[in-house]
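Visitor: Respectively, the protein sequence lines represent chains C and V. So for the first sequence, this note's numbering puts the first residue at 1; every next one is plus one. So for the second sequence, this note's numbering puts the first residue at 1; every next one is plus one.
In short, the hints are calculated from the structure, not lab data. It is possible that some hints are incorrect.
Stated by the list, open to error - Facing chain V, a subset of chain C residues (Cβ under 10 angstroms, in silico):
no., residue
1, GLY197
2, VAL199
3, SER200
4, ALA201
5, LEU203
6, LYS206
7, PRO325
8, LEU343
9, GLU344
10, GLY346
11, VAL347
12, ASP392
13, LYS395
As the list claims (entries may be wrong) - Taking lysine-lysine pairs in the DSS-like style, the calculated list, with each CA pair at most 25 angstroms apart, reads:
no., chain 1, residue 1, chain 2, residue 2
14, V, LYS123, C, LYS206
15, C, LYS99, C, LYS157
16, C, LYS112, C, LYS206
17, C, LYS374, C, LYS363
18, C, LYS397, C, LYS112
19, C, LYS317, V, LYS123
What the hints assert, rightly or not - Residues from chain C that keep clear of chain V, each with C-beta distances beyond 10 angstroms, as calculated:
no., residue
20, ASP73
21, GLY207
22, PRO209
23, ASN254
24, GLY273
25, ARG319
From the three backbone atoms N, C-alpha and C, an ideal C-beta is built for every residue, glycine too.
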Amino acid sequence: MTAPLLIKGGRLVDPSQNLDAVGDLLLQDGKVAAVGGTIAAPAGAQVVEAKGLVVSPGMIDVHVHLREPGREDVETVATGAHAAAAGGFTAVCAMPNTKPVTDNQATVGFVKRQGEAAGFARVYPYGAISVGQQGETLAEFGEMVAAGAVAVSDDGKPVENSHLMRTALEYALTFGIPVVEHCEVMSLAHGGSMNEGVVSARLGLKGIPAEAEEIDAIRCILLAKRTGGHVHLCHLSTKGSVDLVRWGKAQGINVTAEVCSHHISLTEDAVEGYNTNAKMNPPLRTRADVEALKEGLKDGTIDLLVTDHAPHHYDEKEREFADAPNGIVGLETALGVNITYLLEPGVLSLSQLVDRMSCLPAKVFHLPGGTLAKGSIADVTVFDPKRAWTVDPTKFKSKGRNTPYGGHQLRGRAICTVVGGKIVHQLVD
Amino acid sequence: MSLLGKDLIGLAGLSREQITTILDVAEPLREISERTIKKVPTLRGMTVVNLFFEPSTRTRISFEFAEKRMSADTVNVAASASSISKGETLVDTARNLEAMRIDMVVVRHGSSGAARFLAERIKSNVINAGDGTHEHPTQGLLDLLTLRQRFGSLEGRRVCIVGDVLHSRVARSNIWGLKALGADVAVCGPRSLLPNAIDEMGVTVFNRVEAAIEWAEALNVLRLQLERMQAGYIPSLREYNRVFGVTSARLKAAPRELLILHPGPMNRGVEIDSDVADGPHSVILDQVTNGVAIRMAVLYLLAGNKAALADVAKGGAA
Chain C
1 MTAPLLIKGG
11 RLVDPSQNLD
21 AVGDLLLQDG
31 KVAAVGGTIA
41 APAGAQVVEA
51 KGLVVSPGMI
61 DVHVHLREPG
71 REDVETVATG
81 AHAAAAGGFT
91 AVCAMPNTKP
101 VTDNQATVGF
111 VKRQGEAAGF
121 ARVYPYGAIS
131 VGQQGETLAE
141 FGEMVAAGAV
151 AVSDDGKPVE
161 NSHLMRTALE
171 YALTFGIPVV
181 EHCEVMSLAH
191 GGSMNEGVVS
201 ARLGLKGIPA
211 EAEEIDAIRC
221 ILLAKRTGGH
231 VHLCHLSTKG
241 SVDLVRWGKA
251 QGINVTAEVC
261 SHHISLTEDA
271 VEGYNTNAKM
281 NPPLRTRADV
291 EALKEGLKDG
301 TIDLLVTDHA
311 PHHYDEKERE
321 FADAPNGIVG
331 LETALGVNIT
341 YLLEPGVLSL
351 SQLVDRMSCL
361 PAKVFHLPGG
371 TLAKGSIADV
381 TVFDPKRAWT
391 VDPTKFKSKG
401 RNTPYGGHQL
411 RGRAICTVVG
421 GKIVHQLVD
Chain V
1 MSLLGKDLIG
11 LAGLSREQIT
21 TILDVAEPLR
31 EISERTIKKV
41 PTLRGMTVVN
51 LFFEPSTRTR
61 ISFEFAEKRM
71 SADTVNVAAS
81 ASSISKGETL
91 VDTARNLEAM
101 RIDMVVVRHG
111 SSGAARFLAE
121 RIKSNVINAG
131 DGTHEHPTQG
141 LLDLLTLRQR
151 FGSLEGRRVC
161 IVGDVLHSRV
171 ARSNIWGLKA
181 LGADVAVCGP
191 RSLLPNAIDE
201 MGVTVFNRVE
211 AAIEWAEALN
221 VLRLQLERMQ
231 AGYIPSLREY
241 NRVFGVTSAR
251 LKAAPRELLI
261 LHPGPMNRGV
271 EIDSDVADGP
281 HSVILDQVTN
291 GVAIRMAVLY
301 LLAGNKAALA
311 DVAKGGAA
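Bound conformation, chain V alone:
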């Protein structure tokens, strides 16, 4: 009966109704984080494992706050300090965790498909907190929530994703989520950092960031990883900033004011200039605040009637 089924692996394949429901559930949950006592008993008695095979600060903390504010018991497992570094396979790690009777796994992994791989092999709910260059659905959802708060509706709104789309799980989740909600989606970046088949993904492609800025109502500026330069995708970070950087000079030439999103962490002076990041049209910190609410909503929806049953068993109410 759960809206999302067992897992949240990606936004590809989710309907407009499903995504809208998640956003609708998240909206009022924002208020919990504004309280003095930031805690509700919704997930009381549930055990959630945050299984992070890649380093993450923002996403892991955001999930952890979401879990704790809903009273779940949480355990953080980081790859470097666990049996994973001793050569244990992903499936063994998962099965061992499950043998300890957990309810949910939040997984971050460097391989595309890893979250789905886990989900197909364990009974617990699996939430993808980023798998390789595939998807990062809760990031996509928090971007959608942030845009929706500003635009009211995303129908027909023009959003451009700027930067390293090729290696970005954030970009993919955004593309599917935005399209599901009826937005016009574009991407902009050096062709060497866009998938070769990008045209077949139903998005507009801008070679020049100036053209993207002229077209768009919102820019989602992706982080440029330093290693992309080392791997030869671009000549230098300096040139990247000069050709593709989102700068206040470029934004001033825009025919309208643009919302500026960034999934973080930012490389100030590379993909985005500080005065843009800190400027009046930046909603970057709203994204972070919304992130906790989105993750609470996803936890709540995936828990489905499990939480209700737990409350019944305890004679309490959610």
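In isolation and in its complexed conformation, chain C is listed as follows:
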């Protein structure tokens, strides 16, 4: 049995119950035992002093790549879950583009067990939409859900076949899971390695036009309308995509959407100098896109903040830009980036930030947590929204060092991460 944990004197911020007040939080037997006011420490309780800190329901990142099975040299479920805990996340959803692809109950179960064995953040596997992410045959959603999958996606690849996407949306209704699409029209994006615009023209890099994302986004929204299925759009990066989701939601279509921390903080200018740590898919876009994404987060068009944590080996990024792989790590910088670029400039309030990083991810993906209500699971993030720190990739718990934020000054950092009533990370400095 884990000893009771009393988190004392923090600012409790839990939008799921409209809570924003200084008070204590008691966790016992893996559940929230009491919340708010002054709570006396039970016998044998461990006490965490949280004066001046924010205490929120555990942050959840529904979009990470943990690389296991297949690329354990780059990340494992354990190192990824450790990185998550260090970044203040109590749960992550692991994308299925592993080797072999997580497209069956055995692999789903393996990823889930690896997460449980690691004992850091909770790891919820995704299942693939199609067998081998080949975009041809539906994977066995039912068996994968029974084994622990919380959603399906072919992330990294779009489902190009519209009939398959339609079928996936319909079939997923039985299991109540979202179908999660990486929006990209491959024939438009083909060969591109950054946003298409004046920077790509100058650097002589093939660009990916915004429409490559937007055309797929509206296709999925319309198919969700047709089928009544729940489509969740990954890592939206353009103003047009925000407008399309806004339209879809206004029509009452079951569409939700996420945005990555890097897409609200960086623009295509970060690619200057052929910086492969600024290469990801979708690419960094323009200032106008960044502003539209922030507006979308503010007005609720964009539901969630995610990282798209994508570790790569040093050697793989240390090469010609067009040949370098897409993606950056984000679990250990996201909270700081979100606080620096969204909270501090007043784009989001503190409770909106917690909503988009904790409550809404739980709600949209039907996951436990996302609340500090009495009786809910004892997943808690304690963070200091004022803490200034400098990103040092060599200190990451992730095996990945591929970040564009190395050396950046950020404000806001996780101090203590609690999963199931147990401290899985405590900042030491």
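Following the hints, put chain V in place on chain C, whose structure we already have.
Guide: Using the frame of chain C, we list chain V on its own:
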């Protein structure tokens, strides 16, 4: 103290003064190639590697002549006959070359940014001999020198780049170099072969080659790669010639005589007709001659005081 710094990666970001200095240095170096004994000792003792990951005849030979006429020791490395074809990474290739204590690398590579990538990782001077669709600065410089010889000054002169600007490193180097020297720059080609954001690059865009010819004082005609047709950017080479080809019939309609440049190799009968290429207003072979002088100038300027030190050590003079 070197004028250019360590490397020459592109003309973007170079000032008018820097570019003018390179042209000014190149001008008298032309004479060396006219001598019976085409050799000066300027780069004696320096080792230059011509590292070509893409096939090239003209540019590689031009660099090699420039190096040899300045007495550098040169080694040519071609991708197909080296460890590169065995899967060695670019950075490993560079580091291994450097471990043999070289002074300069002239690099041609199919990836945009590859020259800069090398330059940031090795101590040797790096000269970009063309990286992907990014820049080909010595080609841009030799085009500028050729134009300057004819025009005197480029200030306010109207130069149009015709053809596949989207995939052309020559076009980019020309745009930055021409603008730095005060020229009015335009581009002309099918929109499918122009960058979508071309308007933001500070150039005029002509959809019709007739309009470009009416406007321009010089045309720099780009090579149309056969694979552009295969990739679906244009329907056919035949139609390209009929719509965008620089032909004598079109040039005859021009209100003035135009200088005709082409970076080569030419597809006669596609982007340029033979009677234009061989005609009185073609400066295409001047470009080639100037190319050697420009490369000598760049080698000399990048070598900076290194060469002076080498001469001091040997008790000689440049």
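Visitor: Give a verdict on every hint.
Guide: Each hint, compared with the structure:
no., hint, verdict
1, GLY197, "5 angstroms, holds"
2, VAL199, "8 angstroms, holds"
3, SER200, "7 angstroms, holds"
4, ALA201, "4 angstroms, holds"
5, LEU203, "6 angstroms, holds"
6, LYS206, "8 angstroms, holds"
7, PRO325, "14 angstroms, violated"
8, LEU343, "33 angstroms, violated"
9, GLU344, "31 angstroms, violated"
10, GLY346, "31 angstroms, violated"
11, VAL347, "27 angstroms, violated"
12, ASP392, "21 angstroms, violated"
13, LYS395, "24 angstroms, violated"
14, LYS123/V <-> LYS206/C, "29 angstroms, violated"
15, LYS99/C <-> LYS157/C, "14 angstroms, holds"
16, LYS112/C <-> LYS206/C, "39 angstroms, violated"
17, LYS374/C <-> LYS363/C, "17 angstroms, holds"
18, LYS397/C <-> LYS112/C, "20 angstroms, holds"
19, LYS317/C <-> LYS123/V, "21 angstroms, holds"
20, ASP73, "17 angstroms, holds"
21, GLY207, "7 angstroms, violated"
22, PRO209, "7 angstroms, violated"
23, ASN254, "34 angstroms, holds"
24, GLY273, "7 angstroms, violated"
25, ARG319, "6 angstroms, violated"
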